[in-house]
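Mind docking chain B with the ligands on chain A? Use the hints.
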Amino acid sequence: MTSLIEPFEEATRPPALTAELPVGRTRGWWGMVLFVTTEATLFATLLGSYFYLRFQYGPQWLPPGIAKPELLKPLIMTGVLLPSSLPVMWAERGIRKGQRWRLRIGLLATLIMGSTFLALQGMEYASKLKMFTIRTNVYGSLFYTITGFHGTHVTVGLLMVGWLLAAALRGSFGRRRHERVRLTAIYWHFVDLVWVGILFTVYLSTRL
Amino acid sequence: MSTVAQQPPAGAEARAQLEERLERHWGERPSLRSWFTTVDHKRIGRRYVVTAAVYFTLAGVEASALRTQLARPGQRLLSAEEYDQLFTLHGTAMIFLFATPMLFGFGNFLVPLMLGARDMAFPRLNAFGYWIFLFAGLIMFSSLLAGDAPDGGWFAYVPLTTRPHSPGIGLDVYALGLLFFGVSTTAGAINFIATALKLRAPGMSLNRMPVFVWAIVATSFMVIFALPPLNLANGLLFLDRRFGTHFFDVGRGGDVLLWQHLFWLFGHPDVYIIVIPALGIVSAILPTFARRGIAAYPLIVLSLVAIAIVSFGVWVHHMFATGLPRLSLSFFSAASLLITIPSGIQIFAWLATMWLGRVVVGVPMLFVLGFLVTFVLGGFTGVMFGLVTFDQQVTDSYFVVAHFHYVLFGGAVFPIIAGLYYWLPKMTGRMFNERLGRWAFALVFGGMNLTFFPMHVSGMLGMPRRVYTYPAGLGWDAWNLLSTVGVFVLAAGLLLVLGGLLYAIRRGRPAPDDPWGGDTLEWVASSPPRPYNFPVIPRVRSLHPAWDGRTAASLAELDSFRTLEEGRRTPVTSELDGRYEWAAEMPEESIRPFVTAVGLLVVVIGLLFRWYWVAGLGGLLAAGTIAGWLWPPERTPEEAAAS
Ligand code: HEM
Ligand SMILES: [Cu+2]
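As you go down the protein sequences, you meet chains A and B in turn. Counting along the first sequence from 1, when you hit position 88 you're at 88 in this note's numbering, and nothing is skipped either side. Counting along the second sequence from 1, when you hit position 219 you're at 219 in this note's numbering, and nothing is skipped either side.
One chain only, chain A, in its complex shape (with noise of 0.2 Å):
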């Protein structure tokens, strides 16, 4: 206890009351990071029920006339998605420098990146739809859902960014100011790192 006592004088003043600037961990970062582990639960509950419902259903999973899905496109798909996490980290790296060129086309990169990945999940559904819908039966309506909820956060991610290229090009932003910066790029981390449990339970767990 002591050990605790001692520095007190210390611990109860300021170390940079002059900088008006957050020290530590902010209260926004611990807001985000709460919220994308309550939302990585639900991802994993989700993805938890599929393994529920896939080995209740017996053991010839998919359901008959539903073929094993191709892989190239979810592939493809995944080589879009996952590397637009870097550009967001440049561009956090750079702004902490003072650097807003790097951050703009930083965030210009990832909303690309991110609406190809929309588009090509908009092709992946139009020729599945050909084949089953969310109705089907429940191999249907696990992949939708699945898929569906998870391009919902990347739309809702991009459209953050978008926001926050938004207020970039406007000159909001700075070496001493990009706490919203930074949150942001935790949540699109997120719905990246999401999609690497999606791609292995829809696509890569029926092959095995």
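The set of hints was computed from the structure by calculation and includes no laboratory data. Heads up, some of the hints might be wrong.
[Said to hold, decoys possible] Straight-line Cα separation of at most 25 Å, SDA-like style, residue types lysine to any residue; simulated pairs:
1. A:K130 x B:S643
2. A:K128 x B:F488
3. A:K97 x B:G235
4. A:K128 x B:G235
5. A:K73 x A:V156
6. A:K130 x B:G244
7. A:K97 x B:R252
8. A:K97 x B:P637
9. A:K97 x B:L239
10. A:K128 x B:G244
11. A:K68 x B:V250
12. A:K128 x A:P63
13. A:K97 x B:A641
14. A:K73 x A:L120
15. A:K130 x A:L204
16. A:K128 x B:V250
17. A:K97 x B:R242
18. A:K128 x B:R242
19. A:K97 x B:P632
20. A:K97 x B:R635
21. A:K73 x A:G28
22. A:K130 x B:A641
23. A:K97 x B:E638
24. A:K128 x B:L239
25. A:K97 x B:E639
26. A:K97 x A:A166
This is chain B with the ligands only, laid out in the frame that chain A set:
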């Protein structure tokens, strides 16, 4: 802003000046507009309490109707359909619209005060959460007026609740209403955790955080992990009902037990989501009335955390009768029994506190004692259920109804009433009448036991739950009549509580700042607290800051980094040891949280009535408002330090 901590001339004049400046930044002129725009955690907290109390009353009236119907065999006051709707809405409302929001209301009011902060971490999110809660409750209750309330029981088992078997709108109200309400609970939980981690007064290391705040934090973490399964279940149910998916449709490869797993993965932790903050209230009140600090603080905190974790591993005990594999039943049975250990530790810590202290039995303490008795009884029958063989005998009988009302009424309502009396002086600045309070306790305690104890017996005699009537001559008549008489005694007691509190608010004598001699920081603030809570943010030196002379002395030092009177600011400190980091600007009042909540309400109504374009408009309203809400101010490159 000033960069050095100057020492202004201490004394009354400097203090008055300080308070005036803080008032300018934090004060709100009461007006209709400010009613919709306020972000003050104290106003929001009080609103949560009042709204939850109204919902409790509604759900209580429903319960009285149920019991009146069951008073004697073969009555026809309610039809079977009406009975189904009433018990479903009673259970759903008590769990979701009363217990959790009531405790979140206490949390909202108290957490910043106990931490020595000036508001919650996200004040606007807080306001937003309240509006959502209000609207969700209105939607759920209005379905009863429309004559088509949810009627599938509070856990809404499929396939009963899928469309072929429940074609009305009632279960859409259930699924959407709970999803909507989940937004509020999740927002609140995130806010509590961020507040407790970042806004504690300097010097309040985690091991000096009051037990009540620990309880709120533990609950909030449970919400973060427990609500997703519920939301998922309700989302899938809505998809099945509305858009023809097959998650719960056995004919097309779905599975009905999926619902039960998801629901109880949430549902069991939810019991503790309700009970843990209530235990926190007990841990705040009991030491005050035992005239000493709480015994075994670290053990109490650890057992709260342990309960929070273990309660995720026991959900299957609600499904012992569904034909799952034997081995898994044994595992879940053992885990269920395990959870009694941390609960027991807390009980013994409280007993030790009372044993070592000098107990003064004020009205709040009476309700705490009432809690101890009923909760232990409820825990006792709970242990019996943990045993698979016993459970399979009495499952779905009135024995279950008796058990969970002992746990929930004992474990939540008694502490809540205790808390209402205990913090009434702080919330309203008024004292209540002791004698009236004692009478109220006698009636509530007697009425509660008279209502629910006989249900143990009728349950053992084989009376199933959720029956709208029963034939005479099965040996149940007397027990049911007793139970119904009990409800009216209980109702009289609750009315006396309500009347006493209302009378106190209108006519009570003014409350001193610290009527009970409590040890936490809310008793240092005035009654009711100023909009900025503390003119000087305290420096915390111990677990009992209000009893500790050095902390008290720190309230008289007008250090500018703890007065922060320029702007609306509060100190931000480090997560573990409460080291002062910087002074954060707090948001001021805004109409946007209200507008966003209205947008989401429109989404829900649109989905409910299949007006999808209306739902779309509501979504646009909400999204647009959020975008404006979070839009960063334009800054010159110099301000932002950019190139
Ligand atoms: C105010 C006094 C209360 C009375 C008189 C009361 C009475 C009842 C009655 C008669 C039932 C229906 C039993 C049946 O037909 O199966 C019931 C069910 C229930 N009650 Fe209460 N109750 C009260 C308070 C509470 C509280 C405070 C909670 C929770 C915080 C609660 C939660 C429930 C739940 C979850 C159900 C089950 C509903 C279902 O079967 O779906 N009750 N209660
Ligand atoms: Cu349980």
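Hint check:
Of the pairs offered as hints, the one joining A:K130 and B:S643 is violated, with about 52 Å between alpha carbons and a cut-off of 25 Å exceeded. As the CA atoms of A:K128 and B:F488 are separated by approximately 61 Å, the hinted pair breaks the 25 Å bound. Taking the CA atoms of A:K97 and B:G235, the gap is about 43 Å. The hint is violated against a cut of 25 Å. Between A:K128 and B:G235, the direct Cα distance comes to roughly 23 Å. Compliance with the 25 Å bound is thereby established for this hinted pair.
Between A:K73 and A:V156 the CA atoms are separated by roughly 22 Å; this keeps the pair inside 25 Å, and the hint holds. Restraint check: the Cα-Cα separation between A:K130 and B:G244 comes to about 18 Å, which is no more than 25 Å; the hinted pair holds. Restraint check for A:K97 and B:R252: not satisfied, since their Cα atoms lie roughly 56 Å apart, outside the 25 Å limit. Annotation: proposed proximity of A:K97 to B:P637 holds, straight-line Cα distance about 12 Å (limit 25 Å).
Restraint check for A:K97 and B:L239: not satisfied, since their Cα atoms lie roughly 47 Å apart, outside the 25 Å limit. At roughly 18 Å between alpha-carbon atoms, A:K128 and B:G244 fall within 25 Å of each other, so this suggested pair holds. Using a Cα cut-off of 25 Å, the hinted pair A:K68 and B:V250 holds, with the two alpha carbons roughly 22 Å apart. Proximity of A:K128 to A:P63 is assessed by CA-CA distance (about 15 Å); at most 25 Å being required, the pair is judged to hold.
Taking the CA atoms of A:K97 and B:A641, the gap is near 9 Å; set against the 25 Å cutoff, the hint holds. Distance check on the hinted pair: A:K73 and A:L120 sit about 8 Å apart at the alpha-carbon level, within 25 Å; holds. Proposed proximity of A:K130 and A:L204 is supported: the alpha carbons are some 21 Å apart, at most 25 Å. The suggested pairing of A:K128 with B:V250 holds, with an alpha-carbon distance near 23 Å, which does not exceed 25 Å.
Taking the CA atoms of A:K97 and B:R242, the gap is near 51 Å; set against the 25 Å cutoff, the hint is violated. Note on A:K128 and B:R242: the hinted pairing holds, with a Cα-Cα distance of about 22 Å set against a maximum of 25 Å. Of the pairs offered as hints, the one joining A:K97 and B:P632 holds, with about 19 Å between alpha carbons and a cut-off of 25 Å not exceeded. In summary, the hint linking A:K97 to B:R635 is supported, as the alpha carbons are separated by about 16 Å, within the 25 Å threshold.
For the proposed pair A:K73 and A:G28, the alpha carbon gap of about 37 Å is over 25 Å, so the pair is violated. Of the supplied pair hints, the one linking A:K130 and B:A641 is violated, its CA atoms being roughly 54 Å apart against a limit of 25 Å. Proposed proximity of A:K97 and B:E638 is supported: the alpha carbons are some 13 Å apart, at most 25 Å. Among the hinted pairs, A:K128 with B:L239 is consistent with the structure: their alpha-carbon atoms are about 19 Å apart, no more than 25 Å.
Restraint check for A:K97 and B:E639: the C-alpha separation of about 14 Å stays at or below 25 Å, so the hint holds. The straight-line distance between the Cα atoms of A:K97 and A:A166 is roughly 20 Å, inside the 25 Å bound, and the hint therefore holds.
Comparing the model with each earlier hint shows violations of hints 1, 2, 3, 7, 9, 17, 21, 22; every other hint is respected.
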